[in-house]
Amino acid sequence: MINISKNKDLKEYNTFNLSCKAEQFVEFDKPEYIQKYLESEHHKNSKHFVLGGGSNVLFSDKYDGTIFYSSIKGISIITNSDDCVLVKIGSGVVWDDFVKFAVTNNFYGTENLSLIPGNIGASAVQNIGAYGVEAKDLIQKIEYIEIESAKLKEIENSDCNYAYRDSIFKHELQNKVIITNVYYKLSKLTKFKLDYGNLIDVLADKEHTLLNVRNAVIETRQTKLPDTEKYGNAGSFFKNPIVDKSIFVRIQNQYPNMPHFALADDKVKIPTGWLIDTAGWKDKGNERVGVYKNQALVIINKGNATSNDIVEFYKSIQKDIFTKFGITIEPEVIFVD
Numbered sequence: 001m002i003n004i005s006k007n008k009d010l011k012e013y014n015t016f017n018l019s020c021k022a023e024q025f026v027e028f029d030k031p032e033y034i035q036k037y038l039e040s041e042h043h044k045n046s047k048h049f050v051l052g053g054g055s056n057v058l059f060s061d062k063y064d065g066t067i068f069y070s071s072i073k074g075i076s077i078i079t080n081s082d083d084c085v086l087v088k089i090g091s092g093v094v095w096d097d098f099v100k101f102a103v104t105n106n107f108y109g110t111e112n113l114s115l116i117p118g119n120i121g122a123s124a125v126q127n128i129g130a131y132g133v134e135a136k137d138l139i140q141k142i143e144y145i146e147i148e149s150a151k152l153k154e155i156e157n158s159d160c161n162y163a164y165r166d167s168i169f170k171h172e173l174q175n176k177v178i179i180t181n182v183y184y185k186l187s188k189l190t191k192f193k194l195d196y197g198n199l200i201d202v203l204a205d206k207e208h209t210l211l212n213v214r215n216a217v218i219e220t221r222q223t224k225l226p227d228t229e230k231y232g233n234a235g236s237f238f239k240n241p242i243v244d245k246s247i248f249v250r251i252q253n254q255y256p257n258m259p260h261f262a263l264a265d266d267k268v269k270i271p272t273g274w275l276i277d278t279a280g281w282k283d284k285g286n287e288r289v290g291v292y293k294n295q296a297l298v299i300i301n302k303g304n305a306t307s308n309d310i311v312e313f314y315k316s317i318q319k320d321i322f323t324k325f326g327i328t329i330e331p332e333v334i335f336v337d
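Just so we're aligned, residue 1 is where the sequence shown starts under the working numbering, counting upward by one.
It is possible that part of the hints are untrue.
[Claimed, not checked] Simulated pairs of lysine-lysine, BS3-like, Cα-Cα distance not exceeding 25 Å:
id, residue 1, residue 2
1, Lys245, Lys267
2, Lys73, Lys170
3, Lys245, Lys88
4, Lys36, Lys47
5, Lys319, Lys282
6, Lys100, Lys47
7, Lys269, Lys193
8, Lys224, Lys302
9, Lys302, Lys267
10, Lys206, Lys141
11, Lys88, Lys136
12, Lys170, Lys21
[Unchecked claim] Computed Cβ-Cβ distance ranges for the label pairs, DEER-style:
id, residue 1, residue 2, range
13, Glu172, Asp9, 27 to 33 Å
14, Asp195, Gln222, 17 to 23 Å
15, Lys230, Ser316, 38 to 44 Å
16, Lys224, Ile78, 21 to 27 Å
17, Asp265, Glu12, 39 to 45 Å
For the record, the hints were derived by calculation from the structure and aren't laboratory data. Just so you know, even glycine gets a beta-carbon here, dropped at the ideal spot from N, CA and C.
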């Protein structure tokens, strides 16, 4: 199946719930369909954007080009050994559906990433992460179609240049490929990672099982993140800054109890939520846009915000954080115009 729509409203395709008219919207559920389209004259030299689950994008009011949207489904076990499985997942599969599949089948690795919005394809692009686990820890390889040639190709994890919320798909291959399938390697051996955030506290009186860990993550996320049906949002709007130790020490001298995570090479990760909260932005805003009351990392659309409202608001926060702490916080959200 391939469906081509003109002047498509993308409101239901982004979690900020912003209305954006795309000149053309191309949805497909098999790699060969989009390959055939890319080989046709309809596509040649057209402006385009590859859209995932829409949970990490901020659209402008209009997109003068083509939106590619994968509806490729399917979860299949490719190899199965005593200690691990290799699973092939279609790029259009909802991420949390895959987590549910893994937990149900007693496959370890994804449980800390429960309830993260978006689709499988976007998980590989964004290197999604939570509670000390990132997609890059589990991805083995990625299948994609090169837009220019319409050829089906593969790339190994080691060649994806994965970093914190970053990958080759956000740089050299940005908008040059369409991800079709992602291969995740999961463990069959009991192995949890519970030493990040307050996860271990939520599990204090519970047996450490895959289902209990998943439920603890879901419970924690639901207390911090708003329902997108009520307040449009993209989850964490900003990345956590990674700074030199000297910068960290300077700020720590003023705020001794500042949370932080020591990294290699004398680098320190500072939680942006703490910076925004400490600067007094939590639950602040105007009638259209604001910072969510339970999580300072989240910027919300109160119902009638425009893309420009959100941009102006986030820049105000960004400027204030730099003034107060000397740190520039960068958006995690991708801007599409």
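Going down the list of hints, with the structure as the test:
no. : hint                        : verdict
1   : Lys245 - Lys267             : 5 Å, holds
2   : Lys73 - Lys170              : 23 Å, holds
3   : Lys245 - Lys88              : 40 Å, violated
4   : Lys36 - Lys47               : 18 Å, holds
5   : Lys319 - Lys282             : 15 Å, holds
6   : Lys100 - Lys47              : 36 Å, violated
7   : Lys269 - Lys193             : 19 Å, holds
8   : Lys224 - Lys302             : 16 Å, holds
9   : Lys302 - Lys267             : 36 Å, violated
10  : Lys206 - Lys141             : 35 Å, violated
11  : Lys88 - Lys136              : 15 Å, holds
12  : Lys170 - Lys21              : 24 Å, holds
13  : Glu172 - Asp9: 27 to 33 Å   : 32 Å, holds
14  : Asp195 - Gln222: 17 to 23 Å : 22 Å, holds
15  : Lys230 - Ser316: 38 to 44 Å : 23 Å, violated
16  : Lys224 - Ile78: 21 to 27 Å  : 35 Å, violated
17  : Asp265 - Glu12: 39 to 45 Å  : 43 Å, holds
Violated hints for the displayed structure, listed by number in ascending order: 3, 6, 9, 10, 15, 16.
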